[in-house]
Each structure stands twice: as C-alpha cells, then as structure tokens.
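Novice: According to this note's numbering, numbering within the sequence shown proceeds without interruption in unit steps and concludes at 739.
Hints in this document: simulated from the structure, not taken from any laboratory.
Check the hints yourself; a few may be wrong.
Below, computed lysine-lysine pairings styled on DSSO-like, alpha-carbon distance capped at 30 Å [what the hints assert, rightly or not]:
| # | residue 1 | residue 2 |
| --- | --- | --- |
| 1 | LYS697 | LYS727 |
| 2 | LYS687 | LYS725 |
| 3 | LYS738 | LYS727 |
| 4 | LYS663 | LYS727 |
| 5 | LYS701 | LYS663 |
| 6 | LYS701 | LYS725 |
| 7 | LYS738 | LYS725 |
| 8 | LYS687 | LYS738 |
| 9 | LYS697 | LYS663 |
| 10 | LYS663 | LYS704 |
Label pairs and their calculated CB-CB ranges [what the hints assert, rightly or not]:
| # | residue 1 | residue 2 | range |
| --- | --- | --- | --- |
| 11 | LYS725 | ASP660 | 16 to 22 Å |
| 12 | GLY665 | SER724 | 29 to 35 Å |
| 13 | SER688 | PRO710 | 30 to 36 Å |
| 14 | ASN679 | GLN731 | 14 to 20 Å |
| 15 | SER724 | LYS663 | 30 to 36 Å |
| 16 | GLN731 | SER688 | 16 to 22 Å |
Nothing here was measured: the structure is a model prediction, and the numbers come from that model.
Where a beta carbon is used, it is the ideal one built from N, C-alpha and C, also for glycine.
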Amino acid sequence: MIDPAKFGLPPRTVIQETTPGNFAIVIHRKSRIIMADGRKILEKIQKISAQLPDAQVVLQTSAPICSKTKAFLQENGVAMKS
Numbered sequence: 658m659i660d661p662a663k664f665g666l667p668p669r670t671v672i673q674e675t676t677p678g679n680f681a682i683v684i685h686r687k688s689r690i691i692m693a694d695g696r697k698i699l700e701k702i703q704k705i706s707a708q709l710p711d712a713q714v715v716l717q718t719s720a721p722i723c724s725k726t727k728a729f730l731q732e733n734g735v736a737m738k739s
C-alpha cells in the first residue's frame, strides 16, 4: 500500500501498486459509486498522474458503478477492474 499523502490525497484513500508503474485506487464498499464519487476519483487519478506522468492508474472496486459514472470515467480514460 502506498501513502496517499505523498500525492496530496486524503488519508482514507487506498492506493496499491499492482506492478511497477501501475497503480490502483481501491474502493471496497457495498453502496453504488455515483457521479459525485466518479468526479472525486478522477481528481485523485489526475493528482497521481501529475506526479507520476508515466504511471497508469486504474479503479479497482467491489461496488456497483452507475452506468452514467462508468461512461464518464471511460471517456476520461479511466480503466476499471471489479
């Protein structure tokens, strides 16, 4: 697990390095991820990418994702894993 403060993110943000240069923002919860969450996730990914331009960041979640939010994240180049 990586310290989110290194990227200027809230301490409750869970970041894992899956392979060298590849990171995952991990969200484990039961409630659906809605557009408000999607915007926050995109901001977090942009902060990580600003500090590590060559890094690839994905969203890894066990929660269902609203279809509108899924489309929004895909339009902005965010890969998602279940």
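Novice: Each hint needs a verdict: does it hold in this structure or not?
Specialist: Each hint tested on the structure:
1. LYS697 <-> LYS727: The given pair, whose Cα atoms are some 13 Å apart, holds under the 30 Å limit.
2. LYS687 <-> LYS725: 18 Å, holds
3. LYS738 <-> LYS727: Measuring from Cα to Cα gives roughly 11 Å; hence the hint holds.
4. LYS663 <-> LYS727: With a Cα-Cα distance of about 27 Å, the restraint between LYS663 and LYS727 holds, given a limit of 30 Å.
5. LYS701 <-> LYS663: Holds, because 12 Å separates the two Cα atoms, which is no more than 30 Å.
6. LYS701 <-> LYS725: 19 Å, holds
7. LYS738 <-> LYS725: Distance of about 17 Å is within 30 Å: holds.
8. LYS687 <-> LYS738: Holds, because 15 Å separates the two Cα atoms, which is no more than 30 Å.
9. LYS697 <-> LYS663: The hint holds at about 17 Å.
10. LYS663 <-> LYS704: Satisfied, since the Cα-Cα distance of roughly 10 Å is no more than 30 Å.
11. LYS725 <-> ASP660: 16 to 22 Å: 32 Å, violated
12. GLY665 <-> SER724: 29 to 35 Å: 30 Å, holds
13. SER688 <-> PRO710: 30 to 36 Å: Since SER688 and PRO710 have Cβ atoms about 33 Å apart, the given range 30 to 36 Å holds.
14. ASN679 <-> GLN731: 14 to 20 Å: 18 Å, holds
15. SER724 <-> LYS663: 30 to 36 Å: The hint (30 to 36 Å, Cβ to Cβ) holds, given that SER724 and LYS663 are roughly 33 Å apart.
16. GLN731 <-> SER688: 16 to 22 Å: 21 Å, holds
The earlier numbered hint that this structure contradicts is number 11, and it is the only one.
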